[in-house]
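> Could you build all of it, start to finish, from the sequences and the hints given here?
121 is the number that the working numbering gives the last residue of the sequence shown; the numbers go up by one with no jumps.
Do not take every clue at face value.
[Stated by the list, open to error] In silico SDA-like cross-links for lysine to any residue, where the CA-CA straight-line distance does not exceed 20 Å:
#1 Lys51 <-> Asp19
#2 Lys8 <-> Leu78
#3 Lys41 <-> Arg22
#4 Lys51 <-> Asp68
#5 Lys95 <-> Ser63
#6 Lys95 <-> Leu52
#7 Lys8 <-> Pro71
#8 Lys8 <-> Pro56
#9 Lys51 <-> Asn21
#10 Lys8 <-> Ile42
#11 Lys41 <-> Ser97
#12 Lys8 <-> His92
#13 Lys8 <-> Lys51
#14 Lys95 <-> Pro71
#15 Lys8 <-> Ser63
#16 Lys51 <-> Val67
#17 Lys51 <-> Ser97
#18 Lys95 <-> Ser82
#19 Lys8 <-> Gly39
#20 Lys51 <-> His62
#21 Lys95 <-> Val67
#22 Lys41 <-> Gln98
#23 Lys41 <-> Thr65
#24 Lys51 <-> Asp31
#25 Lys95 <-> Gly39
#26 Lys41 <-> Lys51
#27 Lys95 <-> Asp31
#28 Lys8 <-> Gln58
#29 Lys95 <-> Ala26
#30 Lys95 <-> Gly83
#31 Lys8 <-> Ala88
#32 Lys8 <-> Leu87
#33 Lys95 <-> Ile64
#34 Lys41 <-> Ile64
#35 Lys8 <-> Ser82
#36 Lys95 <-> Gly76
To be clear, the hints were calculated from the coordinates, so they are not data collected in a lab.
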Amino acid sequence: MDPDAVAKAFVEHYYTTFDANRAGLANLYQDGSMLTFEGQKIQGSQSIVAKLTSLPFQQCQHSITTVDCQPSGAGGMLVFVSGTLQLAGEQHALKFSQILWHRIFIASTNRGLFALFRCFI
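Structure (structure tokens):
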């Protein structure tokens with residue numbers, strides 16, 4: 001299993017789900033997962049999804065430009081993502097960048113990939 005390919009597949013799945021059904025991201029987070037959004041630290045799957053679904057836009061489309069991956073401790077992967085976010089009804093896309101850290105569980109859980117930490121920069 002190529003770690004870069006796994007991380008890139010995770011990023012594609014994450015943003016496709018975000019764009020189509022933000023509530024569907026719940027299974028990609030765990031109770032220990034952390035989201036930092038504009039200085040606010042949000043912990044846990046339910047709290048993170050509540051924040052994401054409360055964002056002031058209903059429809060959006062991410063276009064990923066960069067996915068850079070680096071293995072980290074404890075079997076995790078540090079992933080830097082950048083691109084644009086097109087909001088419905090807006091003429092110009094917004095630029096974004098994110099750092100995701102995820103760990104791949106094969107034997108210890110059947111949930112597969114999940115985002116442990118996510119930080120909007």
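> Each of the hints needs a verdict: does it hold here or not?
Outcome of the hint check:
1. Lys51 <-> Asp19: holds (15 Å)
2. Lys8 <-> Leu78: holds (11 Å)
3. Lys41 <-> Arg22: holds (18 Å)
4. Lys51 <-> Asp68: violated (26 Å)
5. Lys95 <-> Ser63: holds (9 Å)
6. Lys95 <-> Leu52: holds (18 Å)
7. Lys8 <-> Pro71: Between Lys8 and Pro71 the Cα gap is close to 13 Å, so the pair holds against 20 Å.
8. Lys8 <-> Pro56: Not OK: Lys8 and Pro56 at ~27 Å, beyond 20 Å, violated.
9. Lys51 <-> Asn21: holds (13 Å)
10. Lys8 <-> Ile42: Between Lys8 and Ile42 the Cα gap is close to 24 Å, so the pair fails against 20 Å, i.e. violated.
11. Lys41 <-> Ser97: holds (17 Å)
12. Lys8 <-> His92: violated (26 Å)
13. Lys8 <-> Lys51: Distance ~24 Å between Lys8 and Lys51 Cα, so the pair is violated.
14. Lys95 <-> Pro71: violated (25 Å)
15. Lys8 <-> Ser63: holds (13 Å)
16. Lys51 <-> Val67: violated (24 Å)
17. Lys51 <-> Ser97: At roughly 18 Å apart (the allowed maximum being 20 Å), Ser97 and Lys51 satisfy the hint.
18. Lys95 <-> Ser82: OK: Lys95 and Ser82 at ~8 Å, within 20 Å.
19. Lys8 <-> Gly39: Distance ~26 Å between Lys8 and Gly39 Cα, so the pair is violated.
20. Lys51 <-> His62: holds (18 Å)
21. Lys95 <-> Val67: Satisfied, since the Cα-Cα distance of roughly 14 Å is no more than 20 Å.
22. Lys41 <-> Gln98: With Cα atoms ~15 Å apart, Lys41 and Gln98 stay inside 20 Å; holds.
23. Lys41 <-> Thr65: With a Cα-Cα distance of about 26 Å, the restraint between Lys41 and Thr65 is violated, given a limit of 20 Å.
24. Lys51 <-> Asp31: It holds: about 15 Å lies between the C-alpha atoms, which stays within 20 Å.
25. Lys95 <-> Gly39: With a Cα-Cα distance of about 18 Å, the restraint between Lys95 and Gly39 holds, given a limit of 20 Å.
26. Lys41 <-> Lys51: Satisfied, since the Cα-Cα distance of roughly 11 Å is no more than 20 Å.
27. Lys95 <-> Asp31: violated (29 Å)
28. Lys8 <-> Gln58: Given pair Lys8, Gln58 is violated - Cα atoms ~25 Å apart, limit 20 Å.
29. Lys95 <-> Ala26: Roughly 24 Å between the alpha carbons, so the hint for Lys95 and Ala26 is violated.
30. Lys95 <-> Gly83: holds (6 Å)
31. Lys8 <-> Ala88: Violated. Lys8 to Ala88 sits at ~25 Å, over the 20 Å cutoff.
32. Lys8 <-> Leu87: violated (23 Å)
33. Lys95 <-> Ile64: Distance of about 10 Å is within 20 Å: holds.
34. Lys41 <-> Ile64: violated (24 Å)
35. Lys8 <-> Ser82: Measuring from Cα to Cα gives roughly 12 Å; hence the hint holds.
36. Lys95 <-> Gly76: violated (26 Å)
Of the numbered hints listed earlier, those contradicted by the structure are 4, 8, 10, 12, 13, 14, 16, 19, 23, 27, 28, 29, 31, 32, 34 and 36.
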